Structures are given as structure tokens and as C-alpha cells.
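Chains as they are written, first to last, in our numbering: chain U, 30 to 288; chain D, 650 to 1234; chain Y, 830 to 1193.
Derived by calculation from the structure, the hints in this document are not laboratory data.
Please read all numbers here as calculations on a predicted model, not as lab measurements.
Treat the hints with care, since some could be wrong.
Unchecked claim - Derived DSSO-like pairs (lysine-lysine); straight-line CA-CA distance at most 30 Å:
1. Y/LYS1041 / U/LYS286
2. Y/LYS921 / U/LYS165
3. Y/LYS1150 / D/LYS1072
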Amino acid sequence: MNALAARRRHPAAIALLLLLGLVLTGVAYSTFAPKQADASPAAASQVEEGKKLFLANCSTCHGLQAQGTNVGPSLAGVGAASVDFQVGTGRMPLAKPDVQAPKAKVRFRQPEISALAAYVASLAPGPPIPDAQYTKGDGDVAKGGELFRVNCAMCHNFAGSGGALTRGKYAPSLRNVQGKHIYEAMVTGPQSMPVFNDANISPQSKNDIISYLHAIDKEENVGGMNLGNLGPVSEGLFAWVFGLGLMVAFAVWLGRKAA
Amino acid sequence: MSTTHTASGADRLRADDQAPKSSPSGGLKAVGGVAGWLDDRTGAAKPVGYLMKKVFPDHWSFMLGEVAMYSMIICLLSGTFLTFWFVPSAGQVVYDGSYLPLRGVTMSEAYRSTVDISFDIRGGLLIRQIHHWAALMFIVALSVHMLRVFFTGAFRKPREINWVIGTVLSMLSLIEGFAGYSLPDDLLSGTGLRAAEGFMRSVPVLGSYLSYFVFNGPFPGESIIPRLYSVHVLLLPAILVGLFTVHIGLVFIQKHTQYPGPGRTNDNVVGFPVMPVYAAKAGGFFFIVFGVVALISALVTINPIWAYGPYDPSPVTAGSQPDWYMGFADGALRLLPGWLEFTAFGFTFSFNVMIGAILLIPVMYGLMAAYPFLERWVTGDTREHHLLDRPRNNPTRTGLGVAALTMYGVLMFAAGNDIMAIKLHLSINDITHVLRAAFFVAPPIAFWVTKRICLSLQRKDRDLVLHGRETGRIVRTADGRFFEQHEPLDEFTRWTLVQHEAHEPLQLQSGTDEHGVASPTARKDKVRARLSRFYFDDRVEPASPADLAAAHHDGHGHESIESAPGPVESRPALETSRREPPQRP
Amino acid sequence: MSEHDAPRGEVRHTTSAGYGTTAVRLDQGHVQGSGRLPERFENPGLAPHVPRMADLDERAAKRAEKQVATLFGLSSLATIVFIVAYFAIDSKHTAFIPGIGEANLYNVVLGVLLAIALLGVGVGAVHWAKTLMPDTESVEMRHPQRASDADRERVVTNLTEGGTAAQLGRRPLIKFSLLGALALPPLALLLPLLGGLGPLPKDQLSRTMWKKGDRLVRDPERTPIRADQVTIGSVFHVLPESIKDSQHVLEDKAKAAVLLMRLDPEDIKPAKERDWGHDGIVAYSKICTHVGCPVGLYEQQTHHLLCPCHQSTFDVTQDCKVIFGPAKRPLPQLKITVDSEGYLVADAPFREAVGPSFWERGHA
């Protein structure tokens, strides 16, 4: 410990600390894995159960009949897909009002989510939970890439790392998101996101997009660390901090008189 | 000329060739053989011998320029490698290579060949990453080198020409970098070219013509990639290497500057000779720089063009940014308000684009190139300077530099406003508003704070000279008082702290001559005097022997000053002070 | 101009051994004589030389030698392994690398080996220089940069004499015609360059391929869009159907890309925007009026369009007026309607130039 304390002012200490921070962030990030879930068909008893859950957890903001209040929108016609996406990614129930509901820890088990979805779907027709055959991600990766670049990359970035919108809103990262949730987001247009209904991007094309996203999730880091896939900003920062740092460290060693 | 010399290294070579008087050792003979053969034909022994004995001062900050130089060489080497596979053509092809997510996608040959280099040429990706990382490091190192030169005043006479060459090199390297960034024709670089086309259009009168001439018709066209290729691999590298050769040649001719210190004067260079020390250090450093770049390229992806996809004018990616060195111009474009565009006489004036995209770079580099001449005019200092300033000893220059750097930094941060917004959970609009204000507010604050810090550091130096180093030893006097014992500085340490001169502002000559006629330059003189006051009104005199003696006599008995200078005759005037010291052999 | 004309010593190479007591003259500063003490401190000369461990202890020197040799050896070894790895590793092979994750092994291994090979040489050479090569400082004297007055004089004389000998002064005809003959020929090189660079823009910047009746098709599938497919909150990335016949797809796309959105007609404020649309469906040029990036970031709740390049923000409810950022002009609207089969078609070409501003855009 003493040796450590003595070296805490060493120039390398900052670099070490930075490195440690980066590693910790990476570990924290990688543990943030998505939960697997399965969809089940709606039934009358499910609607009943869903209503109970709704009244207990959602009605404060969305109203007792899901008619909406001044803090939460009406849920008539949002469809099961919307509920499955919002609750299934932990965005709802919302912890605190903010510019945008962030992805968070999922509060309900999948049967509960399905029940909630069935209840909301029973209120008015809306987009249903997508057919599993279109969310498997077994489509045409290259075509999905083209569709992704035209329709999605402008907000979510070329690698699905996310991007900024106006006034603190943002397009979230799409890395390691379930195919079902990607599909549901497209058909329901959550929050700032516009709607990409099945007439705009066909279910098959949506599957292609999901396939592309899954392919880049699985893609090994071709050239080494990807620096968050954020483009030239992180590369420039790396060059300044680590590139220049290493060069200067060597130069200082070179210029210093040997012991 | 060399006839009066006895056996110096260079002469011995010649003597050997003509009439070997003594039998030289085997090694020398071999060197004499090859080198002698060359020298018979070129007479290179004399200059080479001179260069081998050339002395370079040692300091880490002097290596920054070398990092830039070596990075440039790495770029030349790796770039040559890339030219063997890169196809500079915008012709459309369908990809069928080994990278699955692009199979069947229509793309340009330029993009396909870059993807091929990354996936199908063995080691190609490594070289591509080395090329790109070395390019980033080149401009990073060059910029920091430039800052070192600025803050230490190394640009002063006789090095103004080299400073100007350096600014030109720096500016050209931005363009060279941008051209290279644009070549792979991926979505990001194509978007960059798209914006560049918009920049050209903003030029008054000629804008649309400029755009059509550069792109050979409407954007994107098929000509821009081959044209940029020619600029990137031939035109600009030739100019860069040519100017760089002059740059380094001038360093040799003028000899390197050195930091002030004991034994170092304006008339000498203290350091190590090229042969053997600097040859080993500088030569070894090339491998170190290359090694560091290779290490980074092995471990960190740069410009994953396969992920960006081929260029197409319809899609775009969030976080579309240029490489860092163009960031300041991109940031300026993000901060400039839209009302700078207006229509007058039926014509459109797009100052919202032109200021950031067309004017900023030449104006910035113009100011940088002009600075040495401005400072020289303000200080009226026409002497040669080979001893560097410690940045604290020229607070106004240092402050101006930090202010300019702050301004640049604001612009560069602005270019990352979208990335900051998502990573720091801020509003992009708030960031932009704050940076717009900071562009005007932060530089003056930075100037003032830096100047104050410099003056404080000078006072601290002065204090250190007068009162010595705090030892941490507490001494109790007989009458019960406590003192911390101070240890005086040795004369070598002290010298670094007292060697500089404190400039005084120029005195304003009266505006009229002895006949009462108003001087034609009165106004100019006034400006000059005012600027001079701005530079030098606030100053701290370096400690003098008299100050030290006074401090010593000030009742600080506990400070044992070893050798307070004894009384000396009145100080000799400047001229006589330049006498050679008698001890010189 | 007061040149630095103090006498200077000739070039000498001295080492610093025993230099500590030798005062090196101080020749800078405006020094005035006053008082008993000198105005300034004297430069004490080089500090006494401190020997290194390797200078004093042969074992330390031996150790340094071994270290250097090890580094050089490591470098050679790394190169050999590099060559082996080049052939031995499958370039598609991936492996888990700590700190990076699953990565292409080939790039990492080759790069690291190359780095070791290079750093071995570099660090070894520098370590050698630092520990074993002489580290007593050398001193080299400087000359004033300027040549001597005699040399300067000689150059001036030579120049003048040369000029006189060539009779430049006496024969002004030659002088002036020479100036012309030197100044003009570069034009013969410049003109073909400039003339051949590209065509004149004419009115092309103000025209896109959109014409009346052109169907709106999806990008990139190029399928037509029926009005009833565009639900509220939807956004379609659109091209003109005639793009399929284009000879210059990218060039035409770069001007004709359009964004199609459907809003609640109640939300649309200007009557013109509603009239140019169809039942709340509106089409706007996707090319930013700032520098031309595609403005594709549509927020369906706020109806803001954001450009990812420089953050110009356009309000779709106000005819795409700029509400933030560096752009000045609103995005041009494409007037649309539906054809007999219910597909969306352009009702007219763009009324103004799309994309970034240029000098004569008002004249198109």
C-alpha cells in the first residue's frame, strides 16, 4: 500500500486510472445483457390479469381507463406491440419524467408483460406483437444494411450506437436489442421515433434490418477495439490522449539522463 | 581552408587517399575505402564530417517535431503500400468479396478496393490502420510542436521563415488529410465531400462554377475520386516533402534553439553530437514512433469503412464528423448562426457557411504566420534569439497563445456537440448556445488567467531565488520562535530562474520632431507604444544579486546564504559585458 | 536595425568536463551599471558532470549492454514470429482478446509483433545511447546568421555588374519584353487546366428530376407509395420514380432525395404547406439548405427535422422553417397529390433550387 501511495503522483498514475475506468465501464456495459422472452397469445383471462396489473402500475399516469392524463398519453390504439416494447425494454413504468424514457431494468416478467399487452390491445385495435418469423434475424443481411443506412442510420448511427436528437432527446443504441423489440419500435414509433409501418418497410424487410443489426452485434472487432463505434471524434480523442501520451512518455524517457 | 587543420576526422579521409602516412586500423581502412571512393567523386567528407559533429540539445519537447516527421515518413511508406491495391475510381460495381454484410451491394470501385484491402489483402487492414493512425498522429504531433515553438518564442529572429514554412506545412497537411479521408468513398467520407461541395458553393459569384470545376459537373460525379487521389498521393506529398526538407535544412543551418540553463548562452548550443549519440537517439526514435503507431493500429480500429457502407447521397449516419484536425472548421459551421446568410441585389450571400468553411482556415493560418512579425514590431527587438523563453517569462505571449488555443478548442468541442450530447446526457441545443457564448467569453478569460498564472510563477521563481527552498525542517530559536529552515539554491539551479530579461514597454516618442513638425508615423507609433504597454506593463523583474543581498540582510538570519556575492565594482555596460571571459582557452 | 555584431568565438567543440567553474559570458539584457552589486547574476557555466552508473561500475555497463542486446534480440525474434504468423494464422480467424473482446486475431497478432520488432530496435538504440554512449555535453558555438558585410557587398556588386554586363538597364525593350515573356507562358498551362476541369453549371443546380406526375417511390426499394399507406407519424425516404431511367443515379439522387411525412393536418400551420401536401402528407427536400447533408432525423412528436451534420433544425409544422442551427432557408417543399390509382405523385417540380445556397440561386 505504501508503494502505491508513493506512486500516486507518478505521471503514469493518471493513465492507469483512465485505463482502469475504461475497463470498468466496459465490464459494466457488457453485463447489461438483454433478457430473453417469449410471446404468448392473448386470452380473456390474460386481459383480466393485464387490467389488474395496469390499474396497479400504470393508471397513475395513463388514467384508470388508459384514457390518458396530463402526465401520460392515452393508450387507446397503441397496440400490444407498443406495450411489449415499452415494458419489455424497461422504459415503462417510467421512474421519473424526463425528456425521454430511457431503457432500464425490466420490471415485469414476460407473462405479465403479455397480459398488460393483451389488456391494452383489447381497448382499441393497434399493432400486434409481431410474428416470430419476422423477428428471428435470418434475413438478407446486405439488403438489411442498405435499408438500415437509408431509414435508421441518420438517427441511430452507422453501427447502431445511437445518436443525439434535439434538446436532450436521443436515438438509443441498437446494440444487442432483441429482434422483437426492434420490430415493435419500427411499427409503433415510440417517443420521438417515427412510425415505419409494414406498408413502408415490409415485414420481410424489417427482418432483414434485424438480421443486419444482429450480424453487426455478432461481428468480431475486425481491426481491434472499436472505440464505441462513434466515428472520428473518439478516434481523435484517442490519438490525442493515448497516441500523444505514449509518444511524449517515450520522448521524456529519451531526453532524461540515465541513472 | 582545411590546410591549417591537423588531423580532424574529415581530413584524415582525404589524407588516407592521397598518401597513407601511417597504416590505419582495419575498420578505418574499410570506411576509408568506401567513403573515400564516394568522397573522391563528391567531396562529401567535409559537410558529412561537419554534420556528424553537429550538436543537438536534449529535451523531450524537441522530439515533438520528430514525431511529426516520422509519422509523415510512416504515412509515405504505408501509403505506397496502399496504392498497390487501391483503385481510385468512382465506377459502380457490385461487391462479391468476403465481407458478408456488403455482398450484393452496389458501390464504387474505390470503396470496394478499400474493403478488399481491409479483408482480403493479408496484412492490408494493419497497413491501412497504420496509415490512418499515423496521419492523425502526424497532425497531432505537428500541432503540439507548433505550440511548443510558439510558447517558447522559438519563432523569433532568425527563425521567422521557418515558422512561416511550418504554418504552410500545417495547413497543407489538413488538406492532405482531408483528401485521404475522402478517398475510400464510404458513407462518412462521401458526406464530407457533400459538405465540401456546399462550402464551395458559398463562395460569392464563383461558387457554383467552383463546385462544377472541382467535381467535373454535378456532385458527386465520377471525377472527384481520381482527382483527389492525384492530389493526395502526388501533388500535396511532393509539396509537403519539399517544404519539409527546407524546414529541416533551416534547422541545421540555424542550429537548434535551446532552453536557458547554466552554461547555455545565446552564442552556443549545449547538447550531444549527432555521432554517435543523436544518431542513435533520433534513429531509434523513428522505430519507437513507428512501433507505437503499429501497436495502436494492432489494437484499435480506425475508420471502419466496411461498417459505414458505400457512399450514397440519400443516407447519412448520426455523428457525421470529419477527422479531428478538420473539427475546428466543422465546429465553426455548427456555431455560426443562420442569419449570416442574406439576399441582396438578387444574389445570395452565404456567410453562415463561408466564414467557417472558406475563410477560417486561411485567416487562422495567416494570423499565425504573421505573429512573429507583429511581436517583433511591438517589442522592437531585432536581436537574434537562440535561447528559448520559459513560457512564464513572456506572460502576454503565453496568454495570447492560450486564448487562441481556447478559441480553437471551443470550435473543436463544437464539432463534437452531438457526441457530447449523447455521452454526457446534455441537450445539443444547450451545448451549442454555451459554446457560442464561450467562443467570445472564454478566450479573454483564458488570456487573463494565464497571464496572472505566469506572473505568479515568475514571483514564485523570484521568491525561490531570494529565500531558497523550503526544507521542511523546523528550527526553534533560543527565544522560542520557530522558523522553517530555507536552503539556498545552488548557482546552477538559480541561474535558470534569473537568466531572463524583463522587457520594458517602448517609450512613446513625442509626436513632433525638434522643429515641431508632426511626425508622419505618429499614429503608428502610438499604436505601437500602446501594444508594447499591453505586452510588457505587467512584469516581474528577475531577482538580481542586489535583491538577494537585500533579502539576506533582511534579518532572515536562519537562511544561511552560502556565498552572497561580495561587493563588485559598478556593473560594466552592455558592450563590455560581452567581453570574452579570460578563462577561455 | 541593430544587428547582433558582438565578437564571436570560432567554432569549437569542447566537452563539459571541468566546465563548472568556467564562467560563460552573459550577453543578453539591457544592463545598466549602478550600485555596488552587479545588476544581474553571472551565468555559472555548465553544472558539474554527474557520472552515470555505467560510467563508474563496469557491472552496470555490462548490465546495460545485456539489456540493449536483449531488446535487439527481441526485435529480431518478433520479426521471425511475424513471418511465421503471416503464413500460419488464418486471416479470418477470431479469438477473444482481453480488453478488446472477440477480435480478428490476424490483425492483432501481426500488429503487435510488428510493434515489438520496431520498439525493440528503437528502445534498444535509445537505451544504448543513454547508458553507454558518452553523456558529457558538447558545446558548439553559433555564428551570427548573416554573412559578413564583405560577402553581402560582393553579392550586390556581382548582381549589379551582371545586370550591367547584360545591358539590362540600357536596353529597356529587352527588360520589359522579357517580363511579359516570363509572365505569360504559365497561362498556356493554366488555361487548359481550368478550361478542362468541368462544365459550366448553367441552371442545373436549380433543377431536379422531379416533374409533374412523377410517382414517389421508396428508397432504396423504388416501389410506389399509396397515400393510405402513410400513417400519421410515418416517415418515408423517397426518390422520384424516374430515377430508374437515370443515367446519373447518384448525381440525380443527390438533388432529388425527398422525405415524406404525415402529420395531423391540424398541426400544420401554413395553408400553403397543407395545400401542397395531401391530407397531412407532406414532402420536403431531404438536402439541407446549409451544406447539403441529408436531413433525415424526424422527431414525430415535435415534428422537428434535424440535420446530423451541423444540427440545423427545421419545423415541419411551419413549412420547415429553420428553428435552430446554422441553416438559413427552409427546406423546399415538393407539391404532391395522388394519381387515379391512389399513389402519391409530384404535382409540380420543385419551385426553387434545393440544397446549399449559391450566389445566383435567386435567379433560377
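Status of each hint after checking the structure:
no. : hint                  : in the structure
1   : Y/LYS1041 / U/LYS286  : violated (79 Å)
2   : Y/LYS921 / U/LYS165   : holds (26 Å)
3   : Y/LYS1150 / D/LYS1072 : holds (29 Å)
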